[in-house]
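Protein chains: 2
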Amino acid sequence: MTKVLAFDIGGTKIAYSIIDENGCFLNEVIKVSTPKSAAGIVELLKTTVKGLEDEIDGVAVSTAGAVNNAGTRITSVPGNLPEGYNQTDFMALTTKPVLVENDANSAGWAEFSIGAAKGCRNAVILTLGTGVGAGIIVDGHLLKGKSGAAGEMHFPVDSGHKRVCSGCGMFDCFESFASGTGLNANAREYMGAEATSYDVIRGLKEGDHQARAAFDKWQDYLIKGLIMVANVFDPEVIVLSGSMAKFVEYDKVSREVNGRILTQPFELKEAAFENNAGMIGAALLLIARIK
Amino acid sequence: MTKVLAFDIGGTKIAYSIIDENGCFLNEVIKVSTPKSAAGIVELLKTTVKGLEDEIDGVAVSTAGAVNNAGTRITSVPGNLPEGYNQTDFMALTTKPVLVENDANSAGWAEFSIGAAKGCRNAVILTLGTGVGAGIIVDGHLLKGKSGAAGEMHFPVDSGHKRVCSGCGMFDCFESFASGTGLNANAREYMGAEATSYDVIRGLKEGDHQARAAFDKWQDYLIKGLIMVANVFDPEVIVLSGSMAKFVEYDKVSREVNGRILTQPFELKEAAFENNAGMIGAALLLIARIK
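Here the protein sequences line up with chains A and B, keeping their order. Under numbering that gives the first Met the number 0, the first residue of the first sequence carries the number 0, and numbering increases by one thereafter. Under numbering that gives the first Met the number 0, the first residue of the second sequence carries the number 0, and numbering increases by one thereafter.
Rather than coming from a laboratory, the hints here were simulated on the basis of the structure. We put the beta carbon where it would ideally sit given N, CA and C, even for glycine. Check the hints yourself; a few may be wrong.
Computed from the model, here is a short list of chain B residues facing chain A with C-beta under 7 Å [to be verified]:
| id | residue |
| --- | --- |
| 1 | V137 |
| 2 | G139 |
| 3 | L142 |
| 4 | K145 |
| 5 | E151 |
| 6 | H153 |
| 7 | P155 |
| 8 | D157 |
| 9 | S158 |
| 10 | C167 |
| 11 | D233 |
| 12 | R259 |
| 13 | Q263 |
Chain A on its own, in the form it takes in the complex (with noise of 0.2 Å):
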C-alpha cells in the first residue's frame, strides 16, 4: 500500500499526516502555527520529513498560492503567508517523489476522488473560506491554465465601486462579496459597526430581519457566482466547502441557480471532508503519479 506523509501549509497553521492510496490518514493530524519566516518553515518541513521519511513513499504538499503546472513550486507570493516562502525548494526536501498543489486545487481533487463529486467527470469545488477558492475538474482533469493559477474567483459581479476587493483590489469583485470577508462587511453594514458574520448566523437563527438581509445579500452574490460556473463549465456538480459552506441555503441555492442557467441542471452540494480535504487532495495526486 502505498502511503505518503501530506502537508498542509496555510497562514495560521500547518497541518500534516501520512495518507494511502484510498485517501485513509494513518495517523492523527498534527497541527502547528505556521513559522513567522520562510527558513521556520523550511526547517519545520525538513525536520518532519526526516523524522519520518523511512515509513513513507513521498511527500505531498497542499499549500496556499498559485502552484505551476509540474507540481514543483510557488508561482506567486500569498499574501498571509511569510516573505521569501514562494522561494520554498520542496523539491529539496527528499530524495523520494514531492508533489505540490494549491489548497483549491487539493480539496477539489479530493472531493472528485472520493468526496462529494465522486464519480463526475466535471466537477467545480468552490472553499468559501476568509476569500474563495476554486478546485476545477474539466472531464476529469484539474483545470490548471498556462501557469497553473487558473480558478482565482476574482471577476466583477457589480459596478458603481460598491467595495474594494482584499483579494484582488478590484471594484465589486465575487469574493469581496460571497467570501466570509463578504458576509463580515455585510454585517457591519446591516447590523452595526461591531457586527460579524457570527452576530449574522445567530440573528438569523433568531429570526432578525436586520441579519436575514445581510445573509441574503450574501447568498445572492453566491447565486451570482454559481450562475457563472454553471453556464461557462456545465459541471455534473458544484460542492461548497470552507467555513462557510455549512450556512448556505442549499435547495434555495440550488432551485435559483438552476432556474436560471442555459446549460443542463447540475447538482448543488456541501463537501464531504471538511478542513483535512487539502491534504487528501494533494497525497492522491501524488500517489496516482508514483504509479
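With chain A held as given, fit chain B onto it using these hints.
Okay, now just chain B, sitting in the frame of chain A:
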C-alpha cells in the same frame, strides 16, 4: 488528402464548402438562406450531401445551439432556428463519418488549430456578435461540460435590474452588455431612440462624445468579462472574433485587463478567420477523428 463537406448552419443563412486537412477551402463557399422549416433544412442538407458524396470523406456541421458530447445531435433549441430543427438526424445524412459541433466551439477550434491561438494549450475564443459565444480550449481540448453546453457566456455583471438578457432572460447578464445587442442598447440610451451600433461606430470616428460614452460602456463590460475569463482559465491567449471584434481597442483593453488579474498576463488578439471559422473548425475536428 482527407477532405470533408462542411456546413455552417445559422438562423439567417447556411454556408457550405469542401475543406481539406489543412483547413483549406477546395471550392467557393456557397451561401443560401436558411429554410423556414426544419424539414426544409434537412432537405437542403440531404440534397447537398448527395451531390458531393463521392468527393468527400465525411460531413462536418457547425451549428447554432448546444451539441452533445458525442458530436451527433443538438441538445437545445436555438431561438433563431425553426422549431423541430433540434430533432435533425445528422447521422442519417450519409454513411460516411459525420460530426456536429456548436458554432462557437467550432470557431474556437479553428483559431486554436490554425489561427490566432495556434501553438497554445489554453485559449478562450469569444465570438462577439448579436450575442456572445465562447469556444474554450483547456489543455488542448474543447471544454464541453457534462452535456456539451459549456461556454455559455451568461452571468451577472451588475445589479439593479438594469437590462434584461434576450438570451437567458436574466437581468444584468454579461451578454446583454458586451454583445452587438448591448451596443445597440447603448446607442439608444446615449444617442436617441433611433440610433444603432452603426451610429456609435461612425460617431466614434467623428469624435462624438455621446458615441464615445456608448462605446466605452460596451467596452467596459467586455473588460469585466475578460477579467473573469483570464482569472478563471489563465489562458495564454484570448481571441475576439465575430462582427464586433474589429471595433475593440485591443491595446487599451489588454492593458486594463492584464493590470487587474491575479493570473499571469495573457495576449489579447483579433481572430484570424472571419465568417468561415465555424466550417473550418468543424472540418478539422472531424478529420482528426477520421484519422
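Hint check:
Nearest Cβ of chain A to the Cβ of B:V137: about 5 Å, under the 7 Å cut. The hint holds. About 11 Å separates the beta-carbon of B:G139 from the nearest beta-carbon of chain A, more than 7 Å, and the hint is not met. With 7 Å as the threshold, the beta carbon of B:L142 comes within range of chain A, its nearest partner Cβ sitting at about 6 Å, so the hint holds. For B:K145, the interface hint holds, the least distance from its beta-carbon to any beta-carbon of chain A being 5 Å, beneath 7 Å.
Interface restraint check: B:E151 against chain A, minimum CB-CB distance 4 Å, threshold 7 Å, status holds. For B:H153, the interface hint holds, the least distance from its beta-carbon to any beta-carbon of chain A being 5 Å, beneath 7 Å. Satisfaction of the interface hint for B:P155 is found here, the shortest Cβ-Cβ separation to chain A being roughly 4 Å, below the 7 Å cut-off. A least Cβ separation of about 5 Å between B:D157 and chain A falls short of the 7 Å threshold, and the interface hint therefore holds.
For B:S158, the shortest C-beta to C-beta distance to chain A is roughly 5 Å, which falls under 7 Å, so the interface hint holds. Hint status for B:C167: holds, given a least beta-carbon distance of 5 Å to chain A, under 7 Å. Because the closest C-beta pair between B:D233 and chain A is about 2 Å apart, less than 7 Å, the hint holds. For B:R259, the suggested interface contact is upheld, since its CB lies about 5 Å from the closest CB of chain A, less than 7 Å.
Because the smallest distance between the Cβ of B:Q263 and any Cβ of chain A comes to about 4 Å, under 7 Å, the interface hint for this residue holds.
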